[in-house]
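Undergrad: From first to last, the protein sequence lines stand for chains V, X, F and L. Under this note's numbering, the letters of the first sequence match residues 5 to 366, in that order. Under this note's numbering, the letters of the second sequence match residues 5 to 366, in that order. Under this note's numbering, the letters of the third sequence match residues 5 to 366, in that order. Under this note's numbering, the letters of the fourth sequence match residues 5 to 366, in that order.
Any given hint could be a false lead.
Below, simulated SDA-like cross-link-like pairs (lysine to any residue); rule was C-alpha separation at most 20 Å, straight line [as the list claims (entries may be wrong)]: (1) L:154 with X:31; (2) V:152 with F:358; (3) L:88 with L:21; (4) F:88 with V:253; (5) V:154 with F:230; (6) F:333 with V:253; (7) L:154 with X:246; (8) V:210 with F:155; (9) F:88 with F:23; (10) X:210 with L:332.
A few chain X positions that, by computed beta-carbon distances, are all more than 12 Å from chain F [said to hold, decoys possible]: (11) 16; (12) 145; (13) 182; (14) 254; (15) 261; (16) 343; (17) 356.
Keep in mind the hints are simulated off the structure, nothing from the lab. A quick note: this is a predicted structure, and the numbers were derived from the prediction, not measured. For every residue, glycine included, the Cβ atom is placed at its ideal position computed from N, Cα and C.
Protein chains: 4
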Amino acid sequence: MKAYAMVLEEYNKPLVKREFDVVDPPRGEMLVKILAAGVCGSDVHMWKGNDPRLNLPMILGHEGVGQVVELSEPWVDVNGEAIKEGDVVIWDRGVTCGKCYYCAVKREPALCENRWTYGISTTCKEMPYLRGCYSQYVYLAPGTKVIKIKDKVDPAVLVSASCSGATTAHAFDMLSPDIGDSVLVQGPGPIGLFAVAFAKARGARKVIVIGGTKERLDMCRVFGADVVLDRYSTTQEERRQLILDITSGRGVDVAVEAVGHPLAVQEGIKLVRNGGTYLSVGFGDPNGTVTIDCYYDIVRKNLRYQGVWVSDTKHLNMAVNMVLSNIEKFELLVTDRYDLEDANKALSAMENRETIKSVLIP
Amino acid sequence: MKAYAMVLEEYNKPLVKREFDVVDPPRGEMLVKILAAGVCGSDVHMWKGNDPRLNLPMILGHEGVGQVVELSEPWVDVNGEAIKEGDVVIWDRGVTCGKCYYCAVKREPALCENRWTYGISTTCKEMPYLRGCYSQYVYLAPGTKVIKIKDKVDPAVLVSASCSGATTAHAFDMLSPDIGDSVLVQGPGPIGLFAVAFAKARGARKVIVIGGTKERLDMCRVFGADVVLDRYSTTQEERRQLILDITSGRGVDVAVEAVGHPLAVQEGIKLVRNGGTYLSVGFGDPNGTVTIDCYYDIVRKNLRYQGVWVSDTKHLNMAVNMVLSNIEKFELLVTDRYDLEDANKALSAMENRETIKSVLIP
Amino acid sequence: MKAYAMVLEEYNKPLVKREFDVVDPPRGEMLVKILAAGVCGSDVHMWKGNDPRLNLPMILGHEGVGQVVELSEPWVDVNGEAIKEGDVVIWDRGVTCGKCYYCAVKREPALCENRWTYGISTTCKEMPYLRGCYSQYVYLAPGTKVIKIKDKVDPAVLVSASCSGATTAHAFDMLSPDIGDSVLVQGPGPIGLFAVAFAKARGARKVIVIGGTKERLDMCRVFGADVVLDRYSTTQEERRQLILDITSGRGVDVAVEAVGHPLAVQEGIKLVRNGGTYLSVGFGDPNGTVTIDCYYDIVRKNLRYQGVWVSDTKHLNMAVNMVLSNIEKFELLVTDRYDLEDANKALSAMENRETIKSVLIP
Amino acid sequence: MKAYAMVLEEYNKPLVKREFDVVDPPRGEMLVKILAAGVCGSDVHMWKGNDPRLNLPMILGHEGVGQVVELSEPWVDVNGEAIKEGDVVIWDRGVTCGKCYYCAVKREPALCENRWTYGISTTCKEMPYLRGCYSQYVYLAPGTKVIKIKDKVDPAVLVSASCSGATTAHAFDMLSPDIGDSVLVQGPGPIGLFAVAFAKARGARKVIVIGGTKERLDMCRVFGADVVLDRYSTTQEERRQLILDITSGRGVDVAVEAVGHPLAVQEGIKLVRNGGTYLSVGFGDPNGTVTIDCYYDIVRKNLRYQGVWVSDTKHLNMAVNMVLSNIEKFELLVTDRYDLEDANKALSAMENRETIKSVLIP
């Protein structure tokens, strides 16, 4: 059998459609037919050559939902369900070693020193070649954590759980709002929308979103946001005042940064109450510095300024459950669908911010 | 090369000395020369045929410290240190799958559904045979988590970290006393002594031990116990009164059960303050029931009655650090050393409670 | 001004309508007109003389929502909002000292050694007499924690947050389900219904309820229960099998006991997965014992068996936010409304289990 | 009876010795004879007029240990012990309201919006005048949380628990090291020395201190530091390399900033491992800004940068237990004792950094 994939051969050049042999899965592996592959903002960064982890040529795509074609040996998913051919599955995009300090002693596998990621740290020069999701098929290596999806669900909708959903889950796993809390979300992209969903799912009472696009802010309302603030039609001081009004003058209990720009951090940490938490999730790449007043911004405020990096299987499981429980909302998130062959169009649209979430359908 | 091990071939019969071929370690494995093997209370239960997990013939011994003889491929320990031939190592006695609900979603690998244990769930019928520590050599399988020991330390002293130390660490990982807390430890055996050490290491102010043997209670004092109560020379009511006196009438903040008998539970939960925690660690085997008054013992008290089962690598690491930081105290714990060939004597001594901790030296 | 209240003068006898002088609030106090008073299951126990905390004659009623009539001095609510005459308020039924071990060192004010409760530990022999909610007015003492209600809401619906809501919140504050978890609720009364609501509000995926009344089980579905099991039309073994099927053979992650009977505990702890938590909330009074197998039920399972006793202001705040966010559902909870003068009818209906939640309207 | 106190009447001028009437304690208050008053670094800031909370004239001194002279009514300490005349006591320097969002909902009384502090936010213009510890007597107001000291202990040694000890305890209450962790402490003053003590008391394996004074670094060794680094005889790069060597190339698990200078923050956050925590405790006053790279310093590192502000009674209790358990070490901390009348000398010595901890003895 043959299959094609969209291959990144040279930075800043269009991905090239290449054909590969589809062989029997190597020992311990699983062959999966891709049903939907997510286009992530960081795919654009990789395409542009801004991510030092890459080894060309490679198949992009770290977000995937697929159907099991062939198992080399019996496989049980993370819930204890036996996986059979024909099952729909999603998987942790990162594969971890289980034996390093982070995995074994600190139980923070997202930080595993040996973690590798489908569609990021893989090359298609090596057997079995297909290790990215911009492809008709992918091979899942033995250490991959898989979740079998028993619900009938559109794979294109579920795929967002893979990366932005799981990473946002990581943030809320580190610091959950209490029931009744106020939560600020900065940036209404996929991470921000997941943040609204998680904040409401944990019982937050007032969820406020700051963003710059009306369509996205409207979508935040559908996801449960109580107040949305357009950063073009409000000043920073107006936003501050409004948030103080909502929070009896204190500031929010928790803020989630989903922008990836230092100006957001600079504004956001001042909107958190004393003793509150600022979760910075939006930086997938270096994007500058922020100036912090050690006394006023951090110590006197008793602030927790918390960075959030990638995710692990616990977080993927949270995100999958979130999507499956709110499927009608997350359908809205998928604004664009492309044939796999049109991956270059999808990347351009992402680069030009013409889409919230694009999905490739092989 | 040949090596011998002490093999359990028939329950309730003496272990038999058998010779095995020592081959090159299979792919991904490590061959380790045993320097010290601990004799655990549960070894006696296994010998007696009371543990349903066994598959005879098998080599007992789940506690071991050894020296690396040969590596089939490069191996890095859980701290990120490269392991070389000649290094002294200790390892997590349980090998977990990394992919099940407990490992991947709940991050509680001690509960892994596929966990297997050296010297418990292994048989010597299968290659590479040597999977227990009552042996001159052991093969460590690829998924084993290893800690390299850089300190000069008597292996016989360190070996106690493997099982009783790690399991006690699990209890204190679930619920750590606060600095200043009062802690009750029931039962001054290896788990109880580790519990005293952990309680003091976490800053407990008053550590009280109830036990029945003067030598053991004296050792508890060396480990830092502030008050020891002989259960033969005090009544239950006297002990209760004394503990209330020490704790301003409230009862202890935390109690650790390291006895394995329902009568200890029955006494102990009444000695915990409202809102406190009762950590039950001592039951390695079924040993009867306890009658709990739902209102008075649990709900009105706001009690946490917490079972503690085995341990994972985080806990082993805690226990290893505990022993290495208090090596002079833990030397006292090792009351008896036997030649490996005298394993049957060691088991009998353990059965007759003539020892606190016995260690086999191959 | 005069006001009347329903007074418990003799156990097992009807409450008596008595008139009291309404004076200016003493220093630091607030005079509140009762808008709705909840009838709690424990009111029946008190009426029957089964609660040792009482001091007759007294005005029952620890659940209340009211309107501020007069403030002796400025008062700010727990959110920092100034309270004015005419405001609608709810308050923590327990008043705590702030200075004991539980309040100041352990931050568990629900366990405060000096906690007293409106309508439970108060007598109407002492000034200012009106300290229970089966009354037209109540005086709130200086240490009372008050929440001002800015939403337009039916006071009869909100009143359930006071006791059953806050106590259930306490349980979920101790142990929150993770997003995606399975939760079992035993007993579909007010605590059970709040438990369903909290479980869903924290992101539980599968919420299963066991109960004995069709109407209550149907209401559980409205509150979000995914599976309801009638204990009259299913056997214990059938329920166990069904719950194992739903949870991939493991049992639920969290169970909440809201029955108050040992048989529920006996069944429930066996339905929790290894490493899971059993939250026992339902015992307001002594009601018998349970037999626990130390090894199988607790230690080998790594179970947390956690008692939950009353609540504090954090929990009241959680419950108030829960009701305000789900007001249509909680309207269903209030099955019966009585004039304050008919308090004896309401108590009888509660005793005969003819109601889920009854509320008195002065 | 008359008593004198050292009064701050004008900023930057010597404190003035003034005499006051000692009256019977007002209702709910306790009259305490000061046995020892600590001189805190922030006293110098107040003296210099750099703290906006002050209201002159006032008696400095927020750290005190004293002996009870007269009680206006019965008083029970936080452990439940009745306080009698003649008892030695220490108390939480901050008095909180118990009813605000921070006290009642978030259980973070250190952040209480109505918190006032002895010797900081008090004036001696108002009855009963004596509310600071640079005095022969102090009146403790009703809401003050008191700990009775039953051990025989030098009051001058215990006094350090009041402020630097309790504040450091707050840091370790927020984030406790695990047993075996590595901890970096920047700055070997009173907070830094307490940090070393707390890190060791929680089981940290490697405690590294960076400082600039040999005497202080030597004292850190006595307190348990494993490695001390003189910042004058090492470069920043040398320190980084050494810390990476100690921590298998990862960086420390936890760092505690006890310097109060942005350069320390800039250096310190780069020395923490991925997923680690940076606790900033040392800023008692505004002292500049730090430039943070959002991606490299925070997000990619998954860092927790946590500010720590003042303390509550839980923390005071931790600190008191810490001092009482390590009394010989903390004796070394008290490098200078002055007569109360020589308070100005003590402030000058503190200003000129000629002392670690000075104590005034009335």
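Undergrad: Each hint: holds or not?
TA: Hints, one by one, checked against the model:
1. At roughly 63 Å between alpha-carbon atoms, residue 154 of chain L and residue 31 of chain X are farther apart than 20 Å, so this suggested pair is violated.
2. A distance of roughly 45 Å separates the Cα atoms of residue 152 of chain V and residue 358 of chain F; the hinted pair therefore is violated under the 20 Å criterion.
3. For the suggested pair residue 88 of chain L and residue 21 of chain L, the alpha carbons sit about 30 Å apart, so the restraint of at most 20 Å is broken.
4. For the hint pairing residue 88 of chain F with residue 253 of chain V, the CA-to-CA distance comes to about 18 Å; that is within 20 Å, so the pair holds.
5. Taking the CA atoms of residue 154 of chain V and residue 230 of chain F, the gap is near 16 Å; set against the 20 Å cutoff, the hint holds.
6. For the proposed pair residue 333 of chain F and residue 253 of chain V, the alpha carbon gap of about 31 Å is over 20 Å, so the pair is violated.
7. Distance check on the hinted pair: residue 154 of chain L and residue 246 of chain X sit about 17 Å apart at the alpha-carbon level, within 20 Å; holds.
8. With a C-alpha separation of about 13 Å, the suggested pairing of residue 210 of chain V with residue 155 of chain F holds against the 20 Å cut-off.
9. A threshold of 20 Å between alpha carbons decides the hint, and for residue 88 of chain F with residue 23 of chain F the separation of about 27 Å lies outside it, so the pair is violated.
10. With a CA separation close to 19 Å, the supplied pair residue 210 of chain X and residue 332 of chain L stays within the 20 Å bound.
11. The beta carbon of residue 16 of chain X is kept farther than 12 Å from every beta carbon of chain F, the shortest such distance being approximately 22 Å.
12. Residue-level check passed: residue 145 of chain X sits 23 Å from the nearest beta carbon of chain F, beyond 12 Å.
13. Separation of residue 182 of chain X from chain F is inadequate, the least Cβ-Cβ distance of about 8 Å not exceeding the 12 Å criterion.
14. A beta-carbon of chain F comes within 12 Å of the beta-carbon of residue 254 of chain X; the shortest separation is about 7 Å.
15. Its closest Cβ contact with chain F, about 9 Å, brings residue 261 of chain X to no more than 12 Å, contrary to its assignment away from the interface.
16. Even its closest Cβ contact with chain F, about 34 Å, leaves residue 343 of chain X beyond 12 Å, as expected for a residue assigned away from the interface.
17. Remark: the non-interface label on residue 356 of chain X is consistent with the geometry, its nearest Cβ contact in chain F lying 23 Å away (cut-off 12 Å).
When the structure is compared with the earlier hints, violations turn up for hints 1, 2, 3, 6, 9, 13, 14, 15 and for no others.
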